[in-house]
Amino acid sequence: MELLANLALGLETAITPVNLFYCFAGVFLGTFVGVIPGVGPLAAISMLFPITFYLDPTAALIMLAGIYYGTTYGGSTASILLNIPGATSAAVTCLDGYPMAQQGRAGVALFMTTIASFVGGSFGIVILSLFSPVIAEYALTFGPAEYFSLMVLGLVAASTIANASPSRGLSMVVLGMLVATVGTDSQSGVARFTFGSMSLLEGFGISAMAMGLFGIGEILSSVGATRSAKIDSSSAKMRNMLPSRDDWRRSWMPGLRGSSIGAFFGALPGTGPSIAAFMAYAVEKRVSDTPERFGHGAIEGIVAPETANNAADQTAFIPTLTLGIPGSATMALMLGALMVHGIQPGPTLIVEQPALFWGLVMSFWIGNLILLVLNLPLIGIWVRLLLVPYHYLYPAILVFVCIGAYSVRANAADVAMVLAFGVLGYVMRIAQLPAAPLLLGFVLGPLVETQFRRAMVLARGDFTAILERPIAGTVIAISVLMLVWGLGGAMLRRRRKILDTRHQKSVGG
Amino acid sequence: MLDRNYRDVATGLALALIGGGSAVYALTHYALGTVKRMGPGMMPTSLGVILAVFGLIIAVPAFFESRKEIDVRFRALVILSASVLSFMLLIETFGLIPAVFSTTMIATFAENKVPLRRGLILAASMSLLTWTIFILGLRLPISAFDWPF
Numbered sequence: 001m002e003l004l005a006n007l008a009l010g011l012e013t014a015i016t017p018v019n020l021f022y023c024f025a026g027v028f029l030g031t032f033v034g035v036i037p038g039v040g041p042l043a044a045i046s047m048l049f050p051i052t053f054y055l056d057p058t059a060a061l062i063m064l065a066g067i068y069y070g071t072t073y074g075g076s077t078a079s080i081l082l083n084i085p086g087a088t089s090a091a092v093t094c095l096d097g098y099p100m101a102q103q104g105r106a107g108v109a110l111f112m113t114t115i116a117s118f119v120g121g122s123f124g125i126v127i128l129s130l131f132s133p134v135i136a137e138y139a140l141t142f143g144p145a146e147y148f149s150l151m152v153l154g155l156v157a158a159s160t161i162a163n164a165s166p167s168r169g170l171s172m173v174v175l176g177m178l179v180a181t182v183g184t185d186s187q188s189g190v191a192r193f194t195f196g197s198m199s200l201l202e203g204f205g206i207s208a209m210a211m212g213l214f215g216i217g218e219i220l221s222s223v224g225a226t227r228s229a230k231i232d233s234s235s236a237k238m239r240n241m242l243p244s245r246d247d248w249r250r251s252w253m254p255g256l257r258g259s260s261i262g263a264f265f266g267a268l269p270g271t272g273p274s275i276a277a278f279m280a281y282a283v284e285k286r287v288s289d290t291p292e293r294f295g296h297g298a299i300e301g302i303v304a305p306e307t308a309n310n311a312a313d314q315t316a317f318i319p320t321l322t323l324g325i326p327g328s329a330t331m332a333l334m335l336g337a338l339m340v341h342g343i344q345p346g347p348t349l350i351v352e353q354p355a356l357f358w359g360l361v362m363s364f365w366i367g368n369l370i371l372l373v374l375n376l377p378l379i380g381i382w383v384r385l386l387l388v389p390y391h392y393l394y395p396a397i398l399v400f401v402c403i404g405a406y407s408v409r410a411n412a413a414d415v416a417m418v419l420a421f422g423v424l425g426y427v428m429r430i431a432q433l434p435a436a437p438l439l440l441g442f443v444l445g446p447l448v449e450t451q452f453r454r455a456m457v458l459a460r461g462d463f464t465a466i467l468e469r470p471i472a473g474t475v476i477a478i479s480v481l482m483l484v485w486g487l488g489g490a491m492l493r494r495r496r497k498i499l500d501t502r503h504q505k506s507v508g509g
Numbered sequence: 001m002l003d004r005n006y007r008d009v010a011t012g013l014a015l016a017l018i019g020g021g022s023a024v025y026a027l028t029h030y031a032l033g034t035v036k037r038m039g040p041g042m043m044p045t046s047l048g049v050i051l052a053v054f055g056l057i058i059a060v061p062a063f064f065e066s067r068k069e070i071d072v073r074f075r076a077l078v079i080l081s082a083s084v085l086s087f088m089l090l091i092e093t094f095g096l097i098p099a100v101f102s103t104t105m106i107a108t109f110a111e112n113k114v115p116l117r118r119g120l121i122l123a124a125s126m127s128l129l130t131w132t133i134f135i136l137g138l139r140l141p142i143s144a145f146d147w148p149f
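Going down the list, the sequences are from chains A and B. If you count by this note's numbering, then the first sequence holds residues 1 to 509, one letter each, in order. If you count by this note's numbering, then the second sequence holds residues 1 to 149, one letter each, in order.
Next up, chain B with everything else stripped away, as it sits in the complex:
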């Protein structure tokens, strides 16, 4: 493999692709109008073209730069996403406290630094805290416990 800054090449090309794609889509789907009376397609098309140009400005010089190290941590990404999604699934079915408890609990697994017992204590105190602030204090229309069946 050649010594290139693949991070910037990919970044620039991705932006160019998004820009170009949007421009083409807007151009083919929405009326461009005239300069005097612009249609809905004018702005997205021009923005897309400008974005594509900037993408190339980023990508092209990167071909001549040396490689940069990147650090992607899929473990944290997957676990934290699961944590947020659990909130989304539980908030309307089981209520605030189960949602907060599970979000906190799952989130602690993203790093192996919180022992299980302390994680449980953290989750319980977060449930109590958010209940106090949002239901008792701010009176948000969310139920603390709910039962979907």
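Isolated chain A (complex conformation):
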């Protein structure tokens, strides 16, 4: 049993006091920073990145990884309590988590999130250790056409599940991709839309965008608004934390589906916990007998994305460690941490550095266990955050966003950039344009462009050559179907609504 021997080696590495300490430090800091809205894993990891230079590579990666999935645990807390995703991967959790909090069921939502995170994380780790070689080999056959088509599918899926109309979601994806073209073109080196500005050559920072759109944008639209929702202080009591039998019954299938979806999308480069969470939510909404409950506090709506993003957090390491391809900006930072220590991740990493690879895998599981133990007793504290009146809370959030924005590059101008994105987020809220697809389009835009250009070079400019590839063709077909379904469905609904009002008018008149 080679796997067992490997896991034993991993456990041996992970259980050393030093590594155990950094695992604990990572997940604790991660949860703490994740709870603070507007500071996602990217900002948290960037902030703590310099510290890991002084650690040995295994400990460094264990700690950074702990921050990463710790933030995902904590990120959902902010989503549920404040309707601000603490991390992008927790954005979907807002949709049903916040309504649950408004109904006084915040404790239940947080409890289920913790359980779902642990289940999803554990599932992801099992997949990571069992299928890592298999998936790596499978993904090796992927060409640019496959990557391109899968990213298109992710974008289409994400924009059609946004609560607004599909055309609004899709327009935001496209806008995000357009914003991402600002800066130096990676293939030709041409500066696009920089208008001679040096600072725009690097393009816009994803952390500035996320913090602005979700952090400041939310504060701007909440401050001064009449807040009718009164928080029920009884939800902070332990009694109300335990999910009912009905909650459990509704949760286990979405949890299973979410874990699988998360493990799948986490492993694909370019997609990650955010897309996994979006996908899991979309699937749950489609298969549900009562889709109208979604967006109004359905427990499935938090269990599915939370299992998915935590499973994806773990499986996201598959392409990063086995192929050396980071699936996200966060994973790119992980890669950077390894390279600082002179380790080049790639197909040979598992063979050459078994202690590092399997030690990391086992530390994930220990970290998830720590998070479970850490979070269940602390739920009461998170819920008590709600009892602090918003007019004391928002200045504090604003301060944390400012410091987070500043600390990424120690650049004061970045703070103004975050503010600009915040104002944009506010305007978008007024116009009812969803912000999450914008961010997703922004992240995936450059990857889509690179892969598409590569694919077209390989196909000698013949787009049908992409469609003829079995995987790419199928995925593109699914995307087109989703697109037609989403846009066509919206058009039908609108026509029906107009007919209905006309009908009512004619009856009434």
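Since the hints were derived computationally from the structure, they do not count as laboratory data. Fair warning: there could be bad hints in the mix.
[Claimed, not checked] Here are the simulated SDA-like cross-link-like pairs (lysine to any residue), alpha carbons at most 20 Å apart as the crow flies:
1) B/113 with B/77
2) B/36 with A/458
3) B/36 with B/46
4) B/36 with A/468
5) B/68 with B/14
6) B/113 with A/391
7) B/36 with A/188
Assemble the complex: chain A is given as a structure, and chain B must be docked to it using the hints.
For chain B alone, coordinates are given in the frame of chain A:
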């Protein structure tokens, strides 16, 4: 005034304008290339055109819909922007604690719900908290107090 959904008309037209504008700018400034070897202009141009189309999809039906109420609060916008900008101006000149103090203090004025004395207490405790977390705990290379002169 006709009963139209001006919010969506404006939204759609703004998006169409951004898309169209970007497409035209990219088309005139960057090489389009061929489908086989795409230049830097291909992606922005096509994205711009798609965005313009979606903008029109949003704007046109809105002409036939009824008006929607929108709620814009300029007071909060101006005060909160001032609060963030004060952080930007103070962080590198006077250090973390003055920056945090002023950001918190200005932000409390966005709603008339925090009395001045409590605002001061909040600002002071935020300064202490952020100093503890970021300088004492995370050891960020930011000075607590600084003097630019």
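Cross-check of the supplied hints:
1. This hinted pair checks out: residue 113 of chain B and residue 77 of chain B have alpha carbons roughly 16 Å apart, not beyond 20 Å.
2. Distance check on the hinted pair: residue 36 of chain B and residue 458 of chain A sit about 8 Å apart at the alpha-carbon level, within 20 Å; holds.
3. Using a Cα cut-off of 20 Å, the hinted pair residue 36 of chain B and residue 46 of chain B holds, with the two alpha carbons roughly 15 Å apart.
4. Distance check on the hinted pair: residue 36 of chain B and residue 468 of chain A sit about 17 Å apart at the alpha-carbon level, within 20 Å; holds.
5. A distance of roughly 17 Å separates the Cα atoms of residue 68 of chain B and residue 14 of chain B; the hinted pair therefore holds under the 20 Å criterion.
6. At most 20 Å may separate the alpha-carbon atoms for a hinted pair to count; residue 113 of chain B and residue 391 of chain A meet this at roughly 7 Å.
7. With a C-alpha separation of about 15 Å, the suggested pairing of residue 36 of chain B with residue 188 of chain A holds against the 20 Å cut-off.
Hint violations for this structure: none, all hints satisfied.
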